[in-house]
Amino acid sequence: MEPIGPTRTLQGMRDEPDSGDWAMALEGDGEAFGRVFDRHRHRVQRHCMRLVPADTDAADSVAIVFLETWRNRARVRLVDGSLLPWLLVTATNVARNQTRAARRYRAALDRLPPPEDVPDHAERDEDGDAVRALRRLGRNDQEIITLSVLEGYSEREIADALGIAPGTVKSRLSRARARLAAHLTTPVISTSAVDRNGVRS
Amino acid sequence: MSTPTNTHDRDAAVRALLVDTVAHTPRRRRRWRLPTIAGAVVCVLGGAAAGGAITAAANPDPAAIAAQNRAALVVGGAGPSYLEVVGTPVGRVGSANETITVGRAPSGADTFTWVATCRTGGDLTERRSGVIRSTASCEAGSTTSDAYPAKAIAGREIRIEADRDLDWTLSYGWLRTPPMPGASAAQEQAMDDGIVTRSEYLAAFDRFQGCMTARGESLGRIPTSSLFVSYGASDEYALDWCIASEFDAVDTAWQVEHPAPSGADEGTWGSQPYDPAADPRYAG
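Chain order of the listed sequences is S and Z. All the letters of the first sequence, read from the start, carry residue numbers 1 to 201 under our numbering. All the letters of the second sequence, read from the start, carry residue numbers 1 to 284 under our numbering.
One chain only, chain S, in its complex shape (with noise of 0.2 Å):
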């Protein structure tokens, strides 16, 4: 019998699907699981640090992306096979809530080696204006344009991953692309502390 092979093609990379890891793992393969985190733990890294505060443990994201997939395996859906649009997903939600998140997990992240360095603020705004904005918006908005804008999938593989009608992704991201638009041109507040001197701490 073949392999199956790769199912989708999104902004020049392959999936792998993770269907097949995904049943093992549920069958209380742990390596599979393992197998489905080396495939994905990059992109959710690059995406838990666009939104990720910057005043809290970036590092420990990726580990409760993860967990709590697993926490959450019954209400897991898979998009042609692959886990990743659910992952982005719950690391979008992670990072709204990541202080009670990691409260759950902090028995198991304590146990952890230390974590790496979190990058300054200067390397964490080189995403630019459009990922400023997009930390400004509500969950709901920042889930669907993270699935559509930022990595590029179609609205019916969006509505597979939400679980919602074609026709309310459709609305829902019209929504949100004006919201975006608008905190795009609203200049952002700045609340880093400026001394007696004028300078930026």
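Far from chain Z by the CB rule (all over 12 Å, computed), these chain S residues: (1) Asp-129; (2) Ala-130; (3) Arg-135; (4) Leu-137; (5) Val-149; (6) Ala-159; (7) Ile-164; (8) Ala-165; (9) Arg-172; (10) Arg-179; (11) Ala-181; (12) Ala-182; (13) Leu-184.
Heads up, simulated SDA-like pairs for lysine to any residue below, C-alpha to C-alpha not over 20 Å straight-line: (14) Z:Lys-151 <-> S:Pro-17; (15) Z:Lys-151 <-> Z:Gly-79; (16) Z:Lys-151 <-> S:Asp-160; (17) Z:Lys-151 <-> S:Asp-29; (18) Z:Lys-151 <-> S:Arg-35; (19) S:Lys-170 <-> S:Ala-159; (20) Z:Lys-151 <-> Z:Thr-177; (21) Z:Lys-151 <-> S:Arg-77; (22) S:Lys-170 <-> S:Ala-182.
To be clear, the hints were calculated from the coordinates, so they are not data collected in a lab. For each residue, glycine too, the CB sits at the ideal point set by N, CA and C.
Add chain Z to chain S, keeping to what the hints say.
Coordinates of chain Z only, in the frame set by chain S:
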């Protein structure tokens, strides 16, 4: 900034944590069950009659007819008794290798299962997408089986590789799980800080018992002084319903943080001692 080394170490540790989490997610452990098979038997009657007639027309082999006639009973009995057979399961006899071509899942089906009964002894290997999923040594008269979520297997193939002289009866088909509840607010709250204490574990079990009582199915007097509680009930649907609502996640977290002592099995489950003094982090 980080070095490649500590990034690699962190990723490797996260991966190991995930592998360990999945591998040690406990299957629910119960001491006993009294399955009710009335539902499965009722399902058999219609499906077996139709399946048997079709098989008889194409193949007069009595063993093949018997295999088809029993397929719904075998498939329906492969999991908890409340699972419902969807469509007409397939039953066939053969030897050596076999490929199951799984079609689209019928409406409402969420699980696909196969059951092989070995008529002679030998080794069986199951491959999915070319990858070995399981191997089993199958003695004459014994069975081996597997189940897949519908989403993972619909439209794909399962390859059963058997010794050349191994004769088998193979049954496969679709099953539907009736609706199950999500975790209750109390169970979610117990999970919220990431640590399940002894008192939270026992309180969740108490709510689980209350849920069973409310559904007319008592668990009886269960000792709660051991490391793990052990329980059973005859109504499997009520049992799984109440576990999902009140106990599943809490029980899982407790078992993950308290690995079973070596030698623990179904027979001794519920008799391992619990020493609060040796468990200060969770004893509260």
